[in-house]
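> So the protein lines, in turn, are chains A and U. Going letter by letter, the first sequence gives residues 1 to 152 in my numbering. Going letter by letter, the second sequence gives residues 153 to 303 in my numbering.
The reader is advised that the hints may include incorrect statements.
[Stated by the list, open to error] No farther apart than 20 Å at their CA atoms in a straight line, the calculated lysine to any residue pairs in the SDA-like style are these: (1) A:LYS10 x U:TRP209; (2) A:LYS10 x U:ILE203; (3) U:LYS296 x A:THR97; (4) U:LYS296 x A:GLY132; (5) A:LYS73 x U:LEU220; (6) U:LYS296 x A:LEU123; (7) U:LYS226 x U:ASP285; (8) A:LYS10 x U:GLU241; (9) A:LYS73 x U:LYS226; (10) U:LYS296 x A:SER90; (11) U:LYS296 x A:GLU86; (12) A:LYS73 x U:MET290; (13) U:LYS296 x A:LEU141; (14) U:LYS296 x A:ALA59; (15) U:LYS296 x A:GLN96; (16) U:LYS296 x A:GLU83; (17) A:LYS73 x U:ARG254; (18) U:LYS296 x A:VAL101.
Just so you know, the hints here were simulated from the structure itself, not pulled from any lab data.
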Amino acid sequence: MIELDEIDRKLLQALARDAGQGTAVLGRRFGLSQPATWRRIRRLEQAGVIQARRLRLNAEALGFGVTVFLGVKLARKGQISLEDFERAVSAIPEVQTVEHVLGLYDYRLRVVARDLADFERVLRRRIMALPGAGDLEANVLLSEERRPGPIG
Amino acid sequence: MLDDVDRRLLRLWQADPTMPVAELAERAQLSPSRCARRLERMQADNVLLGIEAVIDWTALGYAVEVSLRVTLDKTQSRAFEEFIQAAREVPEVLEIQTFLGRVDVRLSVIARDMAQYQQIYRDRILTLPHIADIEALMHISRIKSDEMLPI
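Between the sequences and the hints, there should be enough to build the whole structure, so can you do that?
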């Protein structure tokens, strides 16, 4: 596994907050040359620590006023293929994330919609039509906060 | 207000945020300067908030991820504030979300292994204030995680 030093950790934290800044700016902050900064970021990417870059958009300003987390229990387990369910649910554009979990539910979905009426449409026409979808539990997201996590 | 060109830009960039602005402009059939102006305007209008690096915690040795669904004791008027404030102090907590529904607050917690998870759960989570009930969902795999908006 990759070992991180103090500078790697700071770099990672800075990139998790804002990956749009250039390597020159980042390097100056941590006392590194631009090539050295670039090499460190490259190493974090190659080790899979930085798995992707994500554009942060203001969902509400783009007309998506509602985010709902859905717990989905599969009906008739054993008779349906998990791959089929996962493929079908991932293809729904309003479904932002799909997590396979163990516990009260089998899958946890993050669904975005324009408003509650739009959410109902997605729920009835797309989610409930999925192969194997059984019990559902919906929780409407009120607030969300991402923490830096145990770096450093 | 956003027009169709703005939306196209966001759609394209969202699909590949590592794309340089010059390439984005070309794909959206805009000149680089007009493309940059539109991006700047959307940044100023708080539509485009930035780019973030997504950390894969499993690559850093955090093999366990648990979703904790917490019901709070709502007879306490400051239950939410005090719980959230205390949860922020736990470094292994990655996400804090509040909900309207059966669940009040959800915490996403990571740990290196089950032994460490158990320790965090006992020492740091169960000691958080105003918990009435708590349910755990163990994370198995992430099937889709791009968090794209259907613009």
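> So which hints don't hold here, by number, going up?
9
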